[in-house]
Amino acid sequence: MLLTRRWPSSLRSGRRTFLGIFLWTSIVLRRPRRAFAQSPTLGPLDAASLATLEAVADSIVPRDQDPGALDAGVPGRILAHLATHPSALTLYRAGLGLLEGLARRAGASSFQALDGPGRERILLSLASGAGDSRGLAQEFFIRVRRDVLAFYWGSVVGQGIVGYRPPVAGYPEYADPPARPRGNGQ
Amino acid sequence: MTTATKQEAFDAVVVGSGAGGGFAAMGLAEAGMRVLLLERGRSFEPARDFPMNHPDWELRPRAFRDTEITTGDASIVLEEGALLDQRYAHLGSSSRPGEVPKPRSRREPFRYERVFGLGGTTLHYQGEAHRFPEHAFRPASLYGLGVDWPVSYADLAPHYERAEHVLGVAGDPANPFKPPRGPFPTPAHRLSYASQRIATAATNLGWTLLPNSLALPTRSVDGRRPCQRSGGCAQGCIFGAKSSVDLTAIRRAERTGRLQVQTESRVLALEMGHGGRVEGVVYRRAKSIFRARARVTLLAMGAVETPRLLLANRSASQPNGIANSSGLVGRFLLETLLAEVTVRFDERIDAYKGPPIDSRIWNFSRPSRDGSVRSGYVLGVSGTLGGFHGPLSHALLLPGLGRAHKDAMRSHFGTIVTLFGIAEQEPRAGNRVTLANTKDSDGVPLVRVESGHSDADLLALDAMLERVKELARASGTAEMLRQATTYDVPAASHVGGTCRMGTDPGTSVVTAYGRSHDVPNLFIVDASVLPGQGAGDSPSLSIQALALRTAEHIVALARRQEL
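Residue numbers (my numbering), protein chains in the order written: chain A, 1 to 186; chain B, 1001 to 1563.
Don't take each hint at face value.
[Said to hold, decoys possible] Have a look at the derived ranges for each label pair, beta carbon to beta carbon:
| hint | chain 1 | residue 1 | chain 2 | residue 2 | range |
| --- | --- | --- | --- | --- | --- |
| 1 | A | 165 | B | 1140 | 46 to 52 Å |
| 2 | A | 172 | B | 1277 | 32 to 38 Å |
| 3 | A | 134 | B | 1440 | 34 to 40 Å |
| 4 | B | 1176 | A | 117 | 55 to 61 Å |
| 5 | B | 1317 | A | 143 | 53 to 59 Å |
| 6 | A | 80 | B | 1286 | 29 to 35 Å |
| 7 | B | 1083 | A | 135 | 54 to 60 Å |
| 8 | B | 1173 | A | 179 | 30 to 36 Å |
| 9 | B | 1087 | A | 128 | 49 to 55 Å |
| 10 | A | 142 | B | 1087 | 34 to 40 Å |
| 11 | A | 165 | B | 1045 | 48 to 54 Å |
| 12 | A | 180 | B | 1404 | 20 to 26 Å |
[What the hints assert, rightly or not] Facing chain A, a subset of chain B residues (Cβ under 10 Å, in silico):
| hint | residue |
| --- | --- |
| 13 | 1191 |
| 14 | 1200 |
| 15 | 1204 |
| 16 | 1207 |
| 17 | 1238 |
| 18 | 1239 |
| 19 | 1286 |
| 20 | 1288 |
| 21 | 1290 |
| 22 | 1391 |
| 23 | 1392 |
| 24 | 1409 |
| 25 | 1410 |
| 26 | 1559 |
| 27 | 1561 |
Source of the hints: derived by calculation from the structure; they are not laboratory data.
The C-beta atom is built at its ideal place from N, Cα and C for all residues, glycine as well.
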């Protein structure tokens, strides 16, 4: 029978990555050169890209009555992953740059500067290939959404919000009516 | 590749350590034979190797991910499936909640699940331990469907009982849809809360939802912990409680001192000798080639790999491969007919807790003859099928992002369950495994799998889907999230039939004892020999019972010096 889907799966490298770099170059090179010169490198991403990544993570799983992706340290988990996965890093750099370009086209100084609905609009536009005819936008959207959701809902923080206790001690109460989750969200 | 060879002699060599191989090895070793058990995969240590030992298990690689065979299988050529009968287009599958099934003209490429590892696919099975019903052994006589088995339920009953005791099967003997029997080795599990909810609806429909019989002992067996109801069978039981073959039959066989287990050893060829007998096997371990000689060879590699090996061993004297004078090796492939709906309740039911398939409905296990013949099927309840298990799997399957997605997680998690049916496929010669022109890195030809549906199959799929929807409606579910069937998307976990047993050498590959009609000291003890699929029940216990019966027969032949 069908079982759970696998995660993570490696990205396809090659032609799509190459095209992604190409697109990234065309969008990101419009930025002032000084921005590059002044960006300190924080692990695999520079400060500007890291700020965008944090804004993306916060948009995908925002903080509300329960902790959000930033509270669960999701950007750090992604950075750690990117540090050892060059093809994913390439995609992220290109995708984050694409987001910045789209934010500027929308009149904002950066993706981070947008409000919540504005960020969601741009993120969702990636799913339909906005600003990109070569598939990078969709590929990045699928990847970053999956990574943020996975690192959040796979963490103890995310598990607690929906009242999930990992099965390391089994479920002796399996036949009883479930208790309501203790998270604030219910 | 090192060409140095090592030659050892055994009474028996068993190739493959899953349900059939492990039990055959136990039967032979406990009867005094020296046995070599060869397994292609590695062995696993439950407390060390399985992801559920860690709270963030959903982020970790699955233990069997490199050994499971799905799409992308190194041994199966991926190609378009059979043309679909568009009269049944409504059976199409959606993969995500709310997604409309895509119209397709052909089935997706064949895929099935198995594990390379000591214990084989029992490492990730969900522990279902079913005795096939009596009528499943005589479907042709009773219903004009398929073929009668050369063994009856009565022939197999004592071996079923022995296998159940080795496994510590938990169950309730009061099942009116099964032959009368004594108590199970361990008491039945209580129904999970999710199954309790569904049971009420089933009763209202006039059906009976019963506790499943499971190789998940409710009491300690052989010093192992009893089932902890973690729901983690498919990920590898971290408690070592699930009665996979490595922890049960193989351990027992090792205690005799007469079993030698060799893991990570892939058999590449059978060595034929004079008089049409098999003298042993050639296998690769790491980069070295070895030979093992034995008086008797038993194949237990499963319903794809066993015919693959036989077909690949062509020679001038056996141009169709070994044990294939009938031309039937690889034919009559039986895959899994599955229909499921994933539904959501308005309240928490936490269906992920408890044995993954803890209940069954057997009301429809007899084939129907209302107009056309329709195969028998069994319904079930599962908290982990349909792709939903822990929070991460829910998060990835639910659409959207932001607040809406987070709200959906809070409202959906713990409310989802999958209702499914599994039917017996009608055996047809055109459904088959054949060799491809390309070879793998060991030089063994890949296989092609052709599998399509008969009218009886389609009627069964249609009936199952309708029944599970009916059950969902009666259960008061809030929403149907998705439907999926093997009409268009193969998802086979029960595969058999490719070296079917029978009494006539012209219409079968092996005898009722699994002995090749052509090669007197070659036996097959896996799902290949099954002529049918038990009306939708899971096959592992029947494979184990048949393997014990074969082992007993081999021992008797050896004692009479007739081997």
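Going down the list of hints, with the structure as the test:
1. A:165 with B:1140: 46 to 52 Å: 50 Å, holds
2. A:172 with B:1277: 32 to 38 Å: For residue 1277 (chain B) against residue 172 (chain A), whose Cβ atoms are near 55 Å apart, the range 32 to 38 Å is violated.
3. A:134 with B:1440: 34 to 40 Å: At 35 Å between Cβs, range holds.
4. B:1176 with A:117: 55 to 61 Å: Since residue 1176 (chain B) and residue 117 (chain A) have Cβ atoms about 59 Å apart, the given range 55 to 61 Å holds.
5. B:1317 with A:143: 53 to 59 Å: 56 Å, holds
6. A:80 with B:1286: 29 to 35 Å: For residue 1286 (chain B) against residue 80 (chain A), whose Cβ atoms are near 34 Å apart, the range 29 to 35 Å holds.
7. B:1083 with A:135: 54 to 60 Å: 31 Å, violated
8. B:1173 with A:179: 30 to 36 Å: Holds - the Cβ-Cβ distance for residue 1173 (chain B) and residue 179 (chain A), about 33 Å, lies within 30 to 36 Å.
9. B:1087 with A:128: 49 to 55 Å: Because 35 Å falls outside the window, the suggested range is violated.
10. A:142 with B:1087: 34 to 40 Å: 35 Å, holds
11. A:165 with B:1045: 48 to 54 Å: About 24 Å separates the Cβ atoms of residue 165 (chain A) and residue 1045 (chain B), which means 48 to 54 Å is violated.
12. A:180 with B:1404: 20 to 26 Å: Given a distance of about 22 Å, which is inside 20 to 26 Å, the answer is holds.
13. 1191: 6 Å, holds
14. 1200: 13 Å, violated
15. 1204: This interface hint is violated because 20 Å lies over the 10 Å limit.
16. 1207: Violated, because the Cβ-Cβ distance from residue 1207 (chain B) to chain A comes to roughly 21 Å (cut-off 10 Å).
17. 1238: OK, holds: residue 1238 (chain B) within 10 Å of chain A, min 7 Å.
18. 1239: Status holds, d = 7 Å.
19. 1286: 26 Å, violated
20. 1288: At 31 Å from the nearest chain A Cβ, residue 1288 (chain B) fails the 10 Å test, so the hint is violated.
21. 1290: 34 Å, violated
22. 1391: Status holds, d = 4 Å.
23. 1392: At about 4 Å, which falls below the 10 Å cut-off, the nearest Cβ of chain A leaves the hint on residue 1392 (chain B) intact, so it holds.
24. 1409: 6 Å, holds
25. 1410: Residue 1410 (chain B) check passes; min Cβ-Cβ to chain A is 4 Å, inside 10 Å.
26. 1559: Check failed: Cβ of residue 1559 (chain B) comes no nearer than 42 Å to chain A, outside 10 Å.
27. 1561: 45 Å, violated
In summary, the numbered hints that this structure violates are 2, 7, 9, 11, 14, 15, 16, 19, 20, 21, 26 and 27.
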